[in-house]
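Enquirer: Below, each chain spelled out in residue letters.
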Amino acid sequence: MVAILYLISALLFIFALRGLSHPESSRMGNIFGVIGMIIAVFTTLMFKSVLSYYEIGAAILIGGAIGSFIALRIEMTALPQLVAAFHSLVGLAAVFVAAAAFYDPVAFSIGKVGSIKTASLVEMSIGTFIGAITFSGSVLAFGKLQGTISGKPIVFKFQHLINALIFILIIFLIVLFVINQSPTIFWTIVIVSILLGFLVVIPIGGADMPVVVSMLNSYSGWAACGIGFTLSNNLLIITGALVGASGAILSYIMSKGMNRSIINVVLGGFGGEQDTSASKDNSDKIVKQGNAEDAAYIMKNADSVIIVPGYGMAVAQAQHALREMGDILKKEGIEVRYAIHPVAGRMPGHMNVLLAEANVPYEEVLELDEINHDFPMTEVSFVIGANDVTNPAAKTDESSPIFGMPILDVEKSQSVLFVKRSMATGYSGVDNELFYRDNTTMLFGDAKKMCEDIVKSLSA
Amino acid sequence: MEAHSSEVFVIGLTVFFLACIIGYYVVWSVTPALHSPLMGVTNAISSVIIVGAILAAGPQGFDTSKIFGLIGVVLASVNIFGGFLVTYRMLSMFKKKTKKTKEKE
Numbered sequence: 003m004v005a006i007l008y009l010i011s012a013l014l015f016i017f018a019l020r021g022l023s024h025p026e027s028s029r030m031g032n033i034f035g036v037i038g039m040i041i042a043v044f045t046t047l048m049f050k051s052v053l054s055y056y057e058i059g060a061a062i063l064i065g066g067a068i069g070s071f072i073a074l075r076i077e078m079t080a081l082p083q084l085v086a087a088f089h090s091l092v093g094l095a096a097v098f099v100a101a102a103a104f105y106d107p108v109a110f111s112i113g114k115v116g117s118i119k120t121a122s123l124v125e126m127s128i129g130t131f132i133g134a135i136t137f138s139g140s141v142l143a144f145g146k147l148q149g150t151i152s153g154k155p156i157v158f159k160f161q162h163l164i165n166a167l168i169f170i171l172i173i174f175l176i177v178l179f180v181i182n183q184s185p186t187i188f189w190t191i192v193i194v195s196i197l198l199g200f201l202v203v204i205p206i207g208g209a210d211m212p213v214v215v216s217m218l219n220s221y222s223g224w225a226a227c228g229i230g231f232t233l234s235n236n237l238l239i240i241t242g243a244l245v246g247a248s249g250a251i252l253s254y255i256m257s258k259g260m261n262r263s264i265i266n267v268v269l270g271g272f273g274g275e276q277d278t279s280a281s282k283d284n285s286d287k288i289v290k291q292g293n294a295e296d297a298a299y300i301m302k303n304a305d306s307v308i309i310v311p312g313y314g315m316a317v318a319q320a321q322h323a324l325r326e327m328g329d330i331l332k333k334e335g336i337e338v339r340y341a342i343h344p345v346a347g348r349m350p351g352h353m354n355v356l357l358a359e360a361n362v363p364y365e366e367v368l369e370l371d372e373i374n375h376d377f378p379m380t381e382v383s384f385v386i387g388a389n390d391v392t393n394p395a396a397k398t399d400e401s402s403p404i405f406g407m408p409i410l411d412v413e414k415s416q417s418v419l420f421v422k423r424s425m426a427t428g429y430s431g432v433d434n435e436l437f438y439r440d441n442t443t444m445l446f447g448d449a450k451k452m453c454e455d456i457v458k459s460l461s462a
Numbered sequence: 000m001e002a003h004s005s006e007v008f009v010i011g012l013t014v015f016f017l018a019c020i021i022g023y024y025v026v027w028s029v030t031p032a033l034h035s036p037l038m039g040v041t042n043a044i045s046s047v048i049i050v051g052a053i054l055a056a057g058p059q060g061f062d063t064s065k066i067f068g069l070i071g072v073v074l075a076s077v078n079i080f081g082g083f084l085v086t087y088r089m090l091s092m093f094k095k096k097t098k099k100t101k102e103k104e
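Residue numbers (our numbering), protein chains in the order written: chain C, 3 to 462; chain F, 0 to 104.
You can take every hint at face value.
Derived DSSO-like pairs: lysine-lysine, alpha-carbon spacing no greater than 27 Å straight-line:
| no. | chain 1 | residue 1 | chain 2 | residue 2 |
| --- | --- | --- | --- | --- |
| 1 | C | Lys332 | F | Lys94 |
| 2 | C | Lys290 | C | Lys414 |
| 3 | C | Lys333 | F | Lys94 |
FYI, nobody ran anything at the bench for these hints, they're computed from the structure. Just so you know, these numbers come straight off a predicted model, no measurement behind them.
Full structure from sequences and hints, please.
Expert: Here's what the structure looks like:
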């Protein structure tokens, strides 16, 4: 009976992910997920060995209250941090479950204290190892995304060598743990894994965060899997594998969006302070500057506008003002669409959520390969808070660090409007030659303020 | 109930690989626009390790294992409630936009 109920729960989780293939079916999917979780929890509560309902109930209420409070209050722009924080909790929970299994193996029927089955010990320590890495890596990712820690990659000598040595040390510790089952060694594994988690994320820079967040998502799944093997629980194994696969695929999509291998991202250091010798001196080139009225004039006289949002839009919270601008343009009979680069923002799909929050219909929001061939037929590209993802150097300049990255071909539209705070380079540290083209107009200022000003000019 | 332990492991491994394959196909079918909600959902369901935490917290009396279990239950609950709710919030923004936008959030 238990196995059947767990199976139903696992199937519901699969349907939950399946529902996300379309916005219309996605809400039902989420409900499937909730039902699956309720079944899983109540099935476990029915176990004969589970007697302390009050304590467990209280623990669920406390956790649930905290979780609900945070989830309902969080700003959509802060989603990446929130997700990172949640990942860290999954990791930590995995460590605690493994520890509990180690201290009371009888409750999980994996042996007795001091004589736990070897296979269970291996699975337990692997679960602990992945859980602890997920925990500390996510805490650091949270800090970087939140801005409490500098988003700049921190690199030092022999970094990868040190990580490799620590990894070997952990394997050694696991072997030792399996042999002597010592609590000291168990906690040493936890601490060393936590250290490794920090070291792995520390060299990875701010804009590579979509990959890191997806990777940690994946890890949290593998951690659940490890615990599932320890407890011989198929539900945990299935769910962990689903989550692990999901995170791995997202990491792959994100790294492909930057034309870099996952390894390259993980090794980190990209976009740091290293001297970008490739940057030619552009100080003598002329930049055409405009203001909100110019932008309003240009767009009002166009037939079609494609808006390219980036992380800068999220930082400035400009999505609502931007949508208002789009609405006015649409009323004038102008075709308005949004183009999203796979790595725009700080987590996969971040821009889509922000635009949805601002009530932009999702039909108007298109992915890179859906819209890229439309740029030549478009009169105005309105780039707001994005930079590297529009840089034609990715196609032409082989020496550029971003060479080969798929970009949005905004340069093919008749004119380009760039909303930026300054002439500063993007995350990659590469100058964008688009800024100096004749058909480009730079709109310097805060993204939100600029959109509001354009709205004013348009309605005037 | 007590099967040979290597047999149990192989069954687990079978389930694991099949689940990975299902995960692979299901996740590729997710539309890119919903990648953020995908992370929200996966976050919530990975907290199914609450099952393990409940087992640890189950026995009466108080010992180390039980305390670890209860902490695990709290942590996983934060995630379950938080993950599903934040996904709910995200998804309700992806509703078809009609004239009346009457939404809770």
